[in-house]
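K.L.:
Sequence:
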Amino acid sequence: MLDDQLCCGHLSAKAVSRSAKAGLLFPVGHIARSLKKGKYSERVGAGAPVYLAAVLEYLTAEVLELAGNAARDNKKNRIVPRHIQLAIRNGEELGMLLGEVTIDSGGVLPNIHAVLLPKKSAAGNTAAAAAATGGAASQGGGAPQGEGAAEGGEERH
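Heads up: the sequence shown begins at 7 in the working numbering, then just goes up one per residue.
Do not rely on the hints blindly, as some may be mistaken.
Cross-link-like lysine-lysine pairs, in silico, DSSO-like; alpha carbons within 30 Å at most [claimed, not checked]:
1. 42 to 27
2. 20 to 42
3. 43 to 27
4. 45 to 27
5. 20 to 43
Hints listed in this document are in silico derivations from the structure and should not be mistaken for laboratory results.
Given the structure is predicted, the values throughout are model-derived calculations rather than measurements.
Generate the whole structure from the sequences, applying the supplied hints.
P.N.:
Structure (C-alpha coordinates):
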(Lines of atoms letter the chains of each structure in order from A and count residues from 1; the text may use other names and numbers.)
(Lines give C-alpha, C1' and ligand atoms only; values in the text may rest on other atoms or scores of the structure.)
Protein backbone atom coordinates (compact mmCIF):
# COMPACT_ATOMS: atom_id res chain seq x y z
CA MET A 1 0.00 0.00 0.00
CA LEU A 2 3.01 2.26 -0.25
CA ASP A 3 2.20 3.01 -3.91
CA ASP A 4 -1.39 3.97 -3.14
CA GLN A 5 -2.18 7.50 -2.04
CA LEU A 6 -5.01 8.72 0.11
CA CYS A 7 -7.14 11.11 -1.92
CA CYS A 8 -10.45 12.44 -0.71
CA GLY A 9 -10.84 9.55 1.70
CA HIS A 10 -10.34 6.91 -1.01
CA LEU A 11 -7.35 4.85 -1.95
CA SER A 12 -6.27 5.68 -5.47
CA ALA A 13 -4.07 3.49 -7.63
CA LYS A 14 -1.03 4.82 -9.42
CA ALA A 15 -1.82 6.18 -12.89
CA VAL A 16 -0.93 3.89 -15.79
CA SER A 17 -0.58 5.35 -19.27
CA ARG A 18 -2.43 3.93 -22.25
CA SER A 19 0.92 3.12 -23.81
CA ALA A 20 1.87 1.00 -20.81
CA LYS A 21 -1.51 -0.73 -20.84
CA ALA A 22 -1.05 -1.62 -24.50
CA GLY A 23 2.59 -2.59 -23.99
CA LEU A 24 3.83 0.05 -26.43
CA LEU A 25 6.71 2.49 -26.38
CA PHE A 26 5.08 5.06 -28.67
CA PRO A 27 2.84 7.63 -26.90
CA VAL A 28 -0.81 6.69 -27.35
CA GLY A 29 -2.04 9.87 -25.63
CA HIS A 30 0.00 12.14 -27.88
CA ILE A 31 -1.24 10.33 -31.00
CA ALA A 32 -4.84 10.58 -29.75
CA ARG A 33 -4.46 14.31 -29.20
CA SER A 34 -2.94 14.73 -32.67
CA LEU A 35 -5.79 12.80 -34.27
CA LYS A 36 -8.38 14.96 -32.51
CA LYS A 37 -6.65 18.27 -33.29
CA GLY A 38 -5.96 17.28 -36.89
CA LYS A 39 -9.64 17.40 -37.86
CA TYR A 40 -9.37 14.09 -39.68
CA SER A 41 -12.76 13.20 -38.29
CA GLU A 42 -15.26 14.67 -35.85
CA ARG A 43 -14.85 11.71 -33.53
CA VAL A 44 -11.92 9.40 -32.79
CA GLY A 45 -12.49 5.94 -31.36
CA ALA A 46 -10.66 4.73 -28.26
CA GLY A 47 -8.80 1.99 -30.14
CA ALA A 48 -7.66 4.09 -33.10
CA PRO A 49 -4.69 5.82 -31.42
CA VAL A 50 -3.57 2.54 -29.84
CA TYR A 51 -3.64 0.78 -33.21
CA LEU A 52 -1.86 3.66 -34.95
CA ALA A 53 0.82 3.75 -32.24
CA ALA A 54 1.35 0.00 -32.64
CA VAL A 55 1.70 0.29 -36.43
CA LEU A 56 4.14 3.20 -36.15
CA GLU A 57 6.19 1.35 -33.54
CA TYR A 58 6.36 -1.78 -35.72
CA LEU A 59 7.43 0.16 -38.83
CA THR A 60 10.06 2.07 -36.86
CA ALA A 61 11.47 -1.13 -35.39
CA GLU A 62 11.60 -2.71 -38.87
CA VAL A 63 13.44 0.25 -40.41
CA LEU A 64 15.86 0.49 -37.48
CA GLU A 65 16.67 -3.21 -37.65
CA LEU A 66 17.43 -3.07 -41.38
CA ALA A 67 19.39 0.19 -40.97
CA GLY A 68 21.40 -1.38 -38.15
CA ASN A 69 22.23 -4.31 -40.42
CA ALA A 70 23.33 -1.88 -43.15
CA ALA A 71 25.53 -0.02 -40.65
CA ARG A 72 27.08 -3.27 -39.46
CA ASP A 73 27.72 -4.32 -43.08
CA ASN A 74 29.62 -1.05 -43.56
CA LYS A 75 31.55 -1.67 -40.31
CA LYS A 76 29.99 1.33 -38.57
CA ASN A 77 28.56 1.57 -35.06
CA ARG A 78 26.29 4.54 -35.72
CA ILE A 79 23.23 4.60 -37.99
CA VAL A 80 23.38 7.55 -40.39
CA PRO A 81 20.80 8.64 -43.00
CA ARG A 82 22.69 6.67 -45.66
CA HIS A 83 22.01 3.43 -43.77
CA ILE A 84 18.30 4.26 -43.49
CA GLN A 85 18.19 4.97 -47.22
CA LEU A 86 19.85 1.63 -48.02
CA ALA A 87 17.50 -0.20 -45.66
CA ILE A 88 14.37 1.31 -47.21
CA ARG A 89 15.39 1.01 -50.86
CA ASN A 90 16.72 -2.56 -50.60
CA GLY A 91 13.58 -3.83 -48.87
CA GLU A 92 10.78 -4.71 -51.28
CA GLU A 93 7.81 -3.79 -49.07
CA LEU A 94 9.41 -0.75 -47.44
CA GLY A 95 10.54 0.41 -50.87
CA MET A 96 6.95 0.31 -52.10
CA LEU A 97 5.59 2.03 -48.99
CA LEU A 98 8.22 4.77 -48.90
CA GLY A 99 8.99 4.95 -52.62
CA GLU A 100 8.19 8.66 -52.96
CA VAL A 101 9.99 9.66 -49.74
CA THR A 102 13.25 11.61 -49.92
CA ILE A 103 15.79 10.91 -47.18
CA ASP A 104 18.05 13.92 -46.61
CA SER A 105 21.75 12.96 -46.97
CA GLY A 106 20.67 9.48 -48.00
CA GLY A 107 22.47 9.32 -51.32
CA VAL A 108 21.45 6.94 -54.09
CA LEU A 109 21.56 3.19 -54.50
CA PRO A 110 24.67 1.86 -56.19
CA ASN A 111 23.51 0.80 -59.65
CA ILE A 112 25.46 0.35 -62.88
CA HIS A 113 23.39 -0.13 -66.01
CA ALA A 114 23.94 -3.55 -67.62
CA VAL A 115 25.00 -1.97 -70.93
CA LEU A 116 27.90 -0.21 -69.23
CA LEU A 117 29.31 -3.35 -67.64
CA PRO A 118 32.19 -5.13 -69.45
CA LYS A 119 31.06 -8.09 -71.52
CA LYS A 120 31.79 -11.36 -69.75
CA SER A 121 32.17 -13.38 -72.98
CA ALA A 122 34.75 -11.01 -74.49
CA ALA A 123 36.74 -10.81 -71.28
CA GLY A 124 36.63 -14.58 -70.89
CA ASN A 125 37.75 -15.16 -74.51
CA THR A 126 40.66 -12.74 -74.19
CA ALA A 127 41.87 -14.41 -71.01
CA ALA A 128 41.43 -17.87 -72.53
CA ALA A 129 43.32 -16.86 -75.69
CA ALA A 130 46.18 -15.42 -73.65
CA ALA A 131 46.43 -18.61 -71.62
CA ALA A 132 46.33 -20.82 -74.74
CA THR A 133 49.12 -18.93 -76.52
CA GLY A 134 51.28 -18.77 -73.46
CA GLY A 135 50.63 -15.11 -72.82
CA ALA A 136 51.67 -14.01 -76.30
CA ALA A 137 48.50 -11.95 -76.71
CA SER A 138 49.56 -9.72 -73.87
CA GLN A 139 53.09 -9.26 -75.29
CA GLY A 140 51.84 -7.47 -78.37
CA GLY A 141 51.35 -9.30 -81.64
CA GLY A 142 52.88 -12.62 -80.69
CA ALA A 143 56.40 -11.69 -81.78
CA PRO A 144 59.03 -13.35 -79.63
CA GLN A 145 61.19 -11.04 -77.63
CA GLY A 146 64.81 -10.68 -78.53
CA GLU A 147 64.46 -11.10 -82.33
CA GLY A 148 64.66 -7.37 -82.90
CA ALA A 149 61.16 -7.10 -84.39
CA ALA A 150 59.21 -3.98 -83.50
CA GLU A 151 55.48 -4.05 -82.73
CA GLY A 152 54.48 -2.77 -86.13
CA GLY A 153 56.34 -5.59 -87.89
CA GLU A 154 58.89 -3.10 -89.21
CA GLU A 155 62.55 -3.13 -88.39
CA ARG A 156 64.16 -0.17 -86.70
CA HIS A 157 67.38 1.32 -88.11
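K.L.:
Under the constraints set out in the numbered hints, which ones does this structure not fulfil?
P.N.:
Result: no hint breaks.
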